[in-house]
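Enquirer: Here's the letter readout for the chains.
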Amino acid sequence: NAGVTQTPKFQVLKTGQSMTLQCAQDMNHNSMYWYRQDPGMGLRLIYYSASEGTTDKGEVPNGYNVSRLNKREFSLRLESAAPSQTSVYFCASSDQTGFTRHFGDGTRLSIL
Amino acid sequence: AQSVAQPEDQVNVAEGNPLTVKCTYSVSGNPYLFWYVQYPNRGLQFLLKYITGDNLVKGSYGFEAEFNKSQTSFHLKKPSALVSDSALYFCAVSDYNTDKLIFGTGTRLQVFP
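Line by line, the protein sequences give chains A and B.
For the first sequence, the tail end lands on 113 under my numbering, and the numbers increase by one without skipping.
For the second sequence, the tail end lands on 115 under my numbering, and the numbers increase by one without skipping.
Source of the hints: derived by calculation from the structure; they are not laboratory data.
Treat the hints loosely; a few may be bogus.
Claimed, not checked - When the alpha-carbon atoms are kept at most 30 Å apart in a straight line, the in silico DSSO-like pairs for lysine-lysine are as follows:
{"hint": "1", "chain 1": "B", "residue 1": "LYS79", "chain 2": "B", "residue 2": "LYS60"}
{"hint": "2", "chain 1": "B", "residue 1": "LYS24", "chain 2": "B", "residue 2": "LYS102"}
{"hint": "3", "chain 1": "B", "residue 1": "LYS71", "chain 2": "B", "residue 2": "LYS102"}
{"hint": "4", "chain 1": "B", "residue 1": "LYS51", "chain 2": "B", "residue 2": "LYS79"}
{"hint": "5", "chain 1": "B", "residue 1": "LYS102", "chain 2": "B", "residue 2": "LYS60"}
{"hint": "6", "chain 1": "A", "residue 1": "LYS15", "chain 2": "A", "residue 2": "LYS58"}
{"hint": "7", "chain 1": "B", "residue 1": "LYS102", "chain 2": "A", "residue 2": "LYS10"}
{"hint": "8", "chain 1": "A", "residue 1": "LYS58", "chain 2": "B", "residue 2": "LYS102"}
{"hint": "9", "chain 1": "A", "residue 1": "LYS10", "chain 2": "A", "residue 2": "LYS72"}
{"hint": "10", "chain 1": "A", "residue 1": "LYS58", "chain 2": "B", "residue 2": "LYS51"}
{"hint": "11", "chain 1": "A", "residue 1": "LYS72", "chain 2": "B", "residue 2": "LYS102"}
{"hint": "12", "chain 1": "B", "residue 1": "LYS79", "chain 2": "B", "residue 2": "LYS24"}
{"hint": "13", "chain 1": "B", "residue 1": "LYS51", "chain 2": "A", "residue 2": "LYS72"}
{"hint": "14", "chain 1": "B", "residue 1": "LYS24", "chain 2": "B", "residue 2": "LYS60"}
{"hint": "15", "chain 1": "B", "residue 1": "LYS71", "chain 2": "B", "residue 2": "LYS24"}
{"hint": "16", "chain 1": "B", "residue 1": "LYS51", "chain 2": "B", "residue 2": "LYS71"}
{"hint": "17", "chain 1": "B", "residue 1": "LYS51", "chain 2": "A", "residue 2": "LYS10"}
{"hint": "18", "chain 1": "B", "residue 1": "LYS79", "chain 2": "B", "residue 2": "LYS102"}
To be verified - Taking beta-carbon pairs under 8 Å as the criterion, some of the chain B residues facing chain A (in silico):
{"hint": "19", "residue": "GLY45"}
{"hint": "20", "residue": "LEU46"}
{"hint": "21", "residue": "LYS51"}
{"hint": "22", "residue": "PHE92"}
{"hint": "23", "residue": "THR100"}
Backbone N, C-alpha and C define an ideal beta-carbon position, used for all residues, glycine too.
So that you can see chain B by itself, here it is in the shape it has in the complex (with noise of 0.2 Å):
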């Protein structure tokens, strides 16, 4: 069965400072990996996605994350935290049946002017 963690509940950053938030997953055969954000009151919205190909994925807003498969992390990063930045962000994973998606249990990041 696959499992995905976030061992964060809460990142605090400065603004402009580099951030990391942490992902780790469990799964049988290749993973298909993905972040999405929360803002306050609204629905997640897709930030970036590992299928296959280069281990460093770029996508929305300035993120990227690298997919790790020896050690099965896929963490989320941006060079420089905005204020804006700060929300609730959800790492997940599946095998190759998408709709089985599975997600963390989300880490809140703050940044702070």
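Just chain A, with the same shape it has in the complex (with noise of 0.2 Å):
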């Protein structure tokens, strides 16, 4: 019963370096989404994806992109990683409706 699984759970970069945040999730939702979370600003949305092979910019996109590789799975890449990107970032998944959120545990990312 592992819901939404988020690999690593910790992460230190350097400025410039590149990586990939894993997410899967194992109740056949539809819906994916990538958030990250600051201090004083609430969860903003990166990207999501509605369905399999379709994703969508959301809130605050520039720096990231992501792939939605199977129904399952949804990553994101930092191609160039920037002090700004230090954040805990959240996967989540959600079922036909959309209506409820379920949640990873999340990836501590400190950039340097």
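Fit the two chains together into the complex; they arrive one by one in their own frames, and the hints show the way.
Expert: Structural data, given as structure tokens:
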């Protein structure tokens, strides 16, 4: 009964490095989302995928790319990390109606 | 454009007392309203939602929320707080496009023994 699984849980990068955050869900949900959480800012939507094969920009997409590999997996890539991308990243999925999000436990990313 | 406000960064309450965490919203058309809770080092967990119907919505762990259209509010309430309710609470709103759910900045609830 895993729900939404994110890897890695922690990561430290140097400015300019690249990395991919992985997310997988086992609830057969169509929609998947990537958010970032910063103090005093709440959660902000980076990208989302309403179904396999589609992706759309959210509120703060600059500096990120995503891939919906299949129905289960939705990855987030930082091509050239910047200190402003230091944050906690959450992946979420939702059912057909999109009403209720199910969240992973996050990836804590620090960029030096 | 839709928006949501949680005017209190922190709410302190004694165990056993009633608690209220405030949320106001702005959205074109009918709102879809949600409350989520976040415990330390965990993702957000769904508490309750208002889509349509009764203005008083009951959710997990004894929480409830009242939708007030005239005041554009959706305050979270619990009759008797527990120390284990201490966490970060997020209100969220969307219009019919629930992919574009907007989260508030969060309210930290501290329940003291």
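Enquirer: Looking back at the hints listed earlier, which ones does the structure fail to meet?
Expert: none
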